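All chains, full assembly: derive it from the sequences and hints.
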Amino acid sequence: STFRTMNEGIALFDPSGRPITMNRRVIELVGWPGSARKFPLRKFVQPISEIDPALMPAEGDAGALEDRSVLRHRSEAGRVTEVSLSRQPDGGIVLLARDITDMDRQEAEVAKAQRLDGIMRMTHQVSHEVGNMIGIITGSLGLLERETGFNDRQKRHLARIRKAADRGRSLAGSMLSIGMADVLEIAIGEKRHLAFDIAENLPKVQLDAALFEQSILNLCLNAAAAMPEGGTILIRCLGNDTGITVCVIDNGAGMSADAIDKAFEPYFTTRDAEGGAGLGLAVVYGFMRQSGGDARILSVLGKGTTVEL
Numbered sequence: 033s034t035f036r037t038m039n040e041g042i043a044l045f046d047p048s049g050r051p052i053t054m055n056r057r058v059i060e061l062v063g064w065p066g067s068a069r070k071f072p073l074r075k076f077v078q079p080i081s082e083i084d085p086a087l088m089p090a091e092g093d094a095g096a097l098e099d100r101s102v103l104r105h106r107s108e109a110g111r112v113t114e115v116s117l118s119r120q121p122d123g124g125i126v127l128l129a130r131d132i133t134d135m136d137r138q139e140a141e142v143a144k145a146q147r148l149d150g151i152m153r154m155t156h157q158v159s160h161e162v163g164n165m166i167g168i169i170t171g172s173l174g175l176l177e178r179e180t181g182f183n184d185r186q187k188r189h190l191a192r193i194r195k196a197a198d199r200g201r202s203l204a205g206s207m208l209s210i211g212m213a214d215v216l217e218i219a220i221g222e223k224r225h226l227a228f229d230i231a232e233n234l235p236k237v238q239l240d241a242a243l244f245e246q247s248i249l250n251l252c253l254n255a256a257a258a259m260p261e262g263g264t265i266l267i268r269c270l271g272n273d274t275g276i277t278v279c280v281i282d283n284g285a286g287m288s289a290d291a292i293d294k295a296f297e298p299y300f301t302t303r304d305a306e307g308g309a310g311l312g313l314a315v316v317y318g319f320m321r322q323s324g325g326d327a328r329i330l331s332v333l334g335k336g337t338t339v340e341l
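Using my numbering, you'd call the opening residue of the sequence shown number 33 and step up by one each time.
Hints were generated in silico from the structure; no laboratory data involved. All values reported here derive from a predicted model rather than from experimental measurement. Take every hint as true, because none was put in to throw you off.
Each pair of labels, with its calculated beta carbon distance range:
#, residue 1, residue 2, range
1, 190, 234, 32 to 38 Å
2, 40, 217, 38 to 44 Å
3, 139, 36, 29 to 35 Å
4, 274, 139, 39 to 45 Å
5, 66, 39, 18 to 24 Å
6, 110, 150, 25 to 31 Å
7, 264, 40, 39 to 45 Å
8, 218, 139, 15 to 21 Å
9, 217, 47, 51 to 57 Å
10, 288, 38, 31 to 37 Å
11, 199, 274, 33 to 39 Å
12, 264, 104, 33 to 39 Å
13, 154, 36, 51 to 57 Å
14, 338, 36, 48 to 54 Å
Derived DSS-like pairs (lysine-lysine); straight-line CA-CA distance at most 30 Å:
#, residue 1, residue 2
15, 144, 223
16, 335, 144
17, 294, 144
18, 223, 294
The C-beta atom is built at its ideal place from N, Cα and C for all residues, glycine as well.
Okay, structure coming up:
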């Protein structure tokens with residue numbers, strides 16, 4: 033009874049590739065629509081293109097599989113199945129299959145976050161190095177400008193150098209914001225679009241820039257997940273009496289009152305089907321509290337969500 037009803041699929045084949053026994057789950061996971069209990073091994077594994085039939089035993093052929101092989105198969109419907117094939121002492125084969133769709137999505141999400149983090153780190157480093165070089169140029173230029181005796185032509189050259197250095201400093205500073213926008217565009221995917229509403233003359237605030245960027249990235253990833261069919265994510269920044277309010281706004285699925293109440297709790301997620309880990313909003317909230325700020329969520333089911341920092 034346990035063998036028949038277990039969530040993992042298992043099938044046993046003899047040294048000639050003939051089926052000994054299998055449960056219903058393995059037939060489903062391998063991808064057969066109906067009964068395949070009597071199929072020899074090479075035919076049984078046909079739906080999984082990653083398996084080389086020559087590895088499997090058949091009548092008069094022991095097959096090339098020596099020990100154990102583990103692979104992943106992604107179906108057209110998006111389900112990911114891990115298949116393990118093991119050679120037994122008598123020459124037979126044990127085939128194990130399990131659904132790892134959620135785990136595969138989580139791994140892909142982590143890998144994507146690591147790639148984006150690498151891009152952000154590189155942008156920071158390049159901006160820092162360029163800024164250092166511009167600093168040397170402007171420092172040396174300042175010493176030159178204190179000197180006397182330059183003719184009009186030399187003064188024009190110095191003015192051009194000063195103008196170019198100031199432009200370089202401005203570009204070095206803008207690299208961070210431009211780079212972050214590029215990272216966000218990659219993160220949210222082709223179906224979604226970014227829009228910005230940034231007020232002018234905003235006051236400066238003391239924040240860890242990298243953690244702030246990570247927070248905005250987390251919020252944009254959440255917004256993108258709430259709009260599987262596409263939409264626009266608006267990043268709005270306004271000044272107020274106590275500092276700055278940054279909003280990430282989507283027009284996606286929205287959240288229930290209960291979900292809003294629990295959203296900042298670690299490991300709470302409404303994205304179980306997409307492999308959400310439930311840590312993004314908790315990290316954002318912790319960062320904002322440590323920075324002397326706050327975070328809140330405004331949302332209506334079916335009408336989108338606004339996260340205010």
